[in-house]
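Undergrad: The primary structure of each chain is shown beneath.
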Amino acid sequence: MKILILIGNVPDTTTKVKFNADRTAFDASGVQWIINPWDELALTRAMELKETSGGAVEAVVVANVGRAETEATLRKALAIGADKAIRIDADPKEAGYVASQLATIAAGYDLIMAGIEAADYNGNAVGGMLAEMLGMNSVSAVSGIQIENGQLKINREIDGGSQVVGLPMPLVAIVQKGIAKEPRIPAMRGIMMARSKPLEVVQPIDAAPMTNMVTFEMPPAKAACKMIAEDQAKDLIHLLRDEAKVL
Amino acid sequence: MNFEFTEEQLMIQQAARDYAQRELIKDVIERDYKAEYPAHHVKALAELGFMGMLVSPEYDGGGMDTVSYVLAMEELSKVDSSLGVIVSVNNSLVCYGLEKFGSPSQKEKYLRPLARGEKIGAFLLSEPEAGSDATSQKTTAEDKGDYYLVNGTKNWITNAHSGSTYLVIAQTHPQKKHHGINALIVDKNTPGISLGPHEDKMGMRSSDTHSVMFTDVKVPKENRIGEDGFGFKFAMQTLEAGRIGIASQALGIASGAMERSIAYARERKTFGKFLYEHQSVAFTLAEMAVKIENARNLCIKAAWLKDQGKPYGVASAMAKQYAADIAMQVTTDAVQIHGGYGYVKEYHVERLMREAKLTQIYEGTSEIQKIVISRDLFR
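Chains as they are written, first to last, in my numbering: chain E, 1 to 247; chain S, 1001 to 1379.
It should be emphasised that the hints constitute simulated quantities derived from the structure, not laboratory data.
The model shown is predicted, which means the values in this text are computed figures rather than measured ones.
Treat the hints with care, since some could be wrong.
[What the hints assert, rightly or not] Partial list, computed: chain E residues near chain S (C-beta under 10 Å): (1) Ile34; (2) Arg67; (3) Glu71; (4) Ala72; (5) Ala79; (6) Asp83; (7) Pro183; (8) Ile185; (9) Pro186; (10) Ala187; (11) Met188; (12) Gly190; (13) Ala194; (14) Lys197; (15) Leu199.
[To be verified] For lysine-lysine, the following DSBU-like pairs were computed, each having C-alpha atoms within a straight-line distance of at most 30 Å: (16) E/Lys222 <-> S/Lys1218; (17) S/Lys1218 <-> S/Lys1144; (18) S/Lys1026 <-> E/Lys181; (19) S/Lys1273 <-> E/Lys226; (20) S/Lys1107 <-> S/Lys1188; (21) E/Lys16 <-> S/Lys1269; (22) S/Lys1345 <-> E/Lys226.
[Claimed, not checked] Here are the computed distance ranges between Cβ atoms for each label pair: (23) E/Gly135 <-> S/Lys1043: 43 to 53 Å; (24) S/Phe1005 <-> E/Lys153: 34 to 44 Å; (25) E/Thr13 <-> S/His1040: 47 to 57 Å; (26) S/Ile1361 <-> E/Lys177: 53 to 63 Å; (27) S/Val1344 <-> E/Ile228: 26 to 36 Å; (28) E/Ala208 <-> S/Asn1294: 49 to 59 Å; (29) S/Phe1005 <-> E/Ala68: 16 to 26 Å; (30) E/Met213 <-> S/Glu1287: 20 to 30 Å; (31) E/Lys181 <-> S/Lys1370: 43 to 53 Å; (32) E/Ile228 <-> S/Glu1047: 35 to 45 Å; (33) S/Phe1005 <-> E/Glu182: 42 to 52 Å; (34) E/Pro168 <-> S/Thr1006: 19 to 29 Å; (35) E/Met193 <-> S/His1040: 43 to 53 Å.
Glycine residues also receive a C-beta, built at the ideal position from the N, C-alpha and C atoms.
Take these sequences, add in the hints, and give me the full structure.
TA: Written out as structure tokens, the structure is:
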């Protein structure tokens, strides 16, 4: 069994977000890049499955669409324990384009894991699109994966509860919080070995973007918070009705 | 000249930061209060490779350079410098001393488990009457033919209880003064060794510090490090490396206090303005930043010299003296910025201030570092 993890190279979650002058693109100057946190959890779960599967999981491969500067992120994934990395040498313009590129290298895997969303544009689209392009089944909102008798046992979060489904492979699993407890911290040995593991660079195919970014808006600054003493409910009513005008 | 860190160095820094900010932070206040040894964290850090990160992979170590070690020590010590000193003593005193000066069979037997973090080491130099003046060792290692008979008392020993491999400095030929001193590898379970009570320290309370008493302890001759009389040189050279660890620990204490002060200055308002909008606070933070940058550069320079195989004794003395002294200043200022909140445990800075004090005292006081530095000026 082979597992593929889709890796997004995203700004550190503490980044102060800025845009270029005409607000059509994110200003990446001075930004520190990390593995998309949901993808890092997916990778962590893949490593756990490999370690506990008694040899059933032969390889865990990570892939992204990005330029050479994203290789540090892929090498971190190799340090965490992935066996191989694939980088498709293109700018990750938008979800449809990224999924089209990933479809060229994603055949032959039994389980493909994608984070439910990316910490940059929150697209929530690549995993589903990729499954469609490959003609594979996909399941979303996955919060747990086990391998049982050659089948996948999957936990899904659904409205008001959770669901356990058994699914044959191959499958695209779009994973969310809960898939692994916490992202794995790479050990020294993994960090040392990362550079000696294969990192394959693949040329992109021609693929037309499906969407076009028009403009970005920053959310309005949060207004100051007014604290009201617990025994002053009347003041709260007054503020909500007369000042905020929501009542 | 290149001030950039390598990808691996940054990854190690991040790994240490992730562990410290995610795990050490959870129980650091409680462990400090109860003076509780962080056994579970030591085990986890051993699994990640931090306990023997400087040791060659040939002996099951992480094979990392000293620059990475500085970055890791800073991140761990920002949150928990008790853990920092446990890592430092194991890595840069015990493992370093054994790897550099031990025989192949000593390394095979003792270094391997230390590098894996399965065993923890302690460095036994200080005595009730020989702290900074390490030449006047009262502990004796009498030559009995095929073994040494060790008698005496060692003081302020980090990892004395948690550790099981001791490097003991003792006098064999008193007439030769410091040329008669030997360094011996001693298993803590050897009959005749007993521990004094856990020292109730002001700071770094979750690292275990004890005195260790030796009464007719038999140590096989094969456990002597180097030639007869090499012990003082061994201790001094090993301490040169150890200083980089403690300097980085002091750096971490200072930068941890600054990070907390910046966060506090961003959220706390007085007189209608955020603290950082008051010039006196902003300037204090600016001064902290300069001191910390200087300390970090000194630590990195000493580490770089060591990695290049160049002499680094004076550089590590400068790093240790400066980082320790500014850690005391920065943490004191951090408490002041926090005001009353700085004086209670919840905000961490009072603990960092207590911890900073020790970095000016142990592994060579600031005054001893100045002796090393000034002697070099008049060589």
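Undergrad: Does each hint fit the structure? Answer for all of them.
TA: Results for each hint:
1. For isoleucine 34 of chain E, the interface hint holds, since its Cβ comes within 10 Å of a Cβ in chain S; the closest pair sits about 9 Å apart.
2. This hint is violated: arginine 67 of chain E has a C-beta 16 Å from the nearest C-beta of chain S, more than the 10 Å allowed.
3. The closest approach between the C-beta of glutamate 71 of chain E and any C-beta of chain S is roughly 9 Å, which is under the 10 Å cut-off, so the hint is satisfied.
4. Residue-level restraint check for alanine 72 of chain E holds (minimum Cβ-Cβ distance to chain S is 5 Å; threshold 10 Å).
5. Using the Cβ-Cβ criterion of 10 Å, the hint placing alanine 79 of chain E at the interface with chain S is satisfied: the shortest such distance is roughly 6 Å.
6. Annotation: interface hint on aspartate 83 of chain E violated; nearest CB of chain S at approximately 18 Å, more than 10 Å.
7. At a threshold of 10 Å, the smallest CB-CB gap from proline 183 of chain E to chain S is about 8 Å, leaving the interface hint in force.
8. For isoleucine 185 of chain E, the shortest C-beta to C-beta distance to chain S is roughly 5 Å, which falls under 10 Å, so the interface hint holds.
9. Hint status for proline 186 of chain E: holds, given a least beta-carbon distance of 6 Å to chain S, under 10 Å.
10. For alanine 187 of chain E, the interface hint holds, since its Cβ comes within 10 Å of a Cβ in chain S; the closest pair sits about 5 Å apart.
11. With its C-beta approaching chain S no nearer than about 3 Å, methionine 188 of chain E sits inside the 10 Å limit, and its interface hint holds.
12. The interface hint given for glycine 190 of chain E holds, since its Cβ lies 9 Å from the closest Cβ of chain S, which is under the 10 Å cut-off.
13. At its closest, the beta carbon of alanine 194 of chain E sits 8 Å from a beta carbon of chain S; the interface hint therefore holds under the 10 Å criterion.
14. Interface restraint check for lysine 197 of chain E: the shortest CB-CB distance to chain S comes to about 13 Å, outside 10 Å, so the restraint is violated.
15. Proximity of leucine 199 of chain E to chain S is violated relative to the hint, the smallest CB-CB distance being about 12 Å (cut-off 10 Å).
16. Annotation: proposed proximity of lysine 222 of chain E to lysine 1218 of chain S is violated, straight-line Cα distance about 71 Å (limit 30 Å).
17. Taken as a hint, the lysine 1218 of chain S and lysine 1144 of chain S pair is honoured in the structure, with Cα atoms around 9 Å apart against an allowance of 30 Å.
18. This hinted pair checks out: lysine 1026 of chain S and lysine 181 of chain E have alpha carbons roughly 16 Å apart, not beyond 30 Å.
19. With a C-alpha separation of about 16 Å, the suggested pair lysine 1273 of chain S and lysine 226 of chain E falls inside the 30 Å cut-off, and the hint holds.
20. With a CA separation close to 17 Å, the supplied pair lysine 1107 of chain S and lysine 1188 of chain S stays within the 30 Å bound.
21. Between lysine 16 of chain E and lysine 1269 of chain S, the direct Cα distance comes to roughly 22 Å. Compliance with the 30 Å bound is thereby established for this hinted pair.
22. Between lysine 1345 of chain S and lysine 226 of chain E, the direct Cα distance comes to roughly 28 Å. Compliance with the 30 Å bound is thereby established for this hinted pair.
23. Between glycine 135 of chain E and lysine 1043 of chain S, the C-beta spacing of about 47 Å keeps the proposed range 43 to 53 Å intact.
24. A beta carbon spacing of about 43 Å between phenylalanine 1005 of chain S and lysine 153 of chain E agrees with the range 34 to 44 Å that was offered as a hint.
25. For the pair threonine 13 of chain E and histidine 1040 of chain S, the beta carbons lie near 27 Å from each other, so the given range of 47 to 57 Å is not met.
26. Remark: the range hint 53 to 63 Å for isoleucine 1361 of chain S to lysine 177 of chain E is contradicted by a beta-carbon distance near 46 Å.
27. Checked against the given bound of 26 to 36 Å, the beta carbons of valine 1344 of chain S and isoleucine 228 of chain E, roughly 27 Å apart, stay inside it.
28. The hinted range of 49 to 59 Å is satisfied by alanine 208 of chain E and asparagine 1294 of chain S, whose Cβ atoms lie roughly 54 Å apart.
29. At about 18 Å, the beta-carbon gap between phenylalanine 1005 of chain S and alanine 68 of chain E stays in the expected band of 16 to 26 Å.
30. Separated by about 44 Å at the C-beta atoms, methionine 213 of chain E and glutamate 1287 of chain S break the suggested range of 20 to 30 Å.
31. Checked against the hint of 43 to 53 Å, the pair lysine 181 of chain E and lysine 1370 of chain S passes, with Cβ atoms roughly 49 Å apart.
32. Roughly 50 Å separates the CB atoms of isoleucine 228 of chain E and glutamate 1047 of chain S, a value that falls outside the hinted 35 to 45 Å.
33. For the hinted restraint 42 to 52 Å between phenylalanine 1005 of chain S and glutamate 182 of chain E, the CB-CB distance of approximately 25 Å leaves it violated.
34. Remark: the range hint 19 to 29 Å for proline 168 of chain E to threonine 1006 of chain S is contradicted by a beta-carbon distance near 44 Å.
35. At about 26 Å, the CB distance of methionine 193 of chain E to histidine 1040 of chain S disagrees with the hint of 43 to 53 Å.
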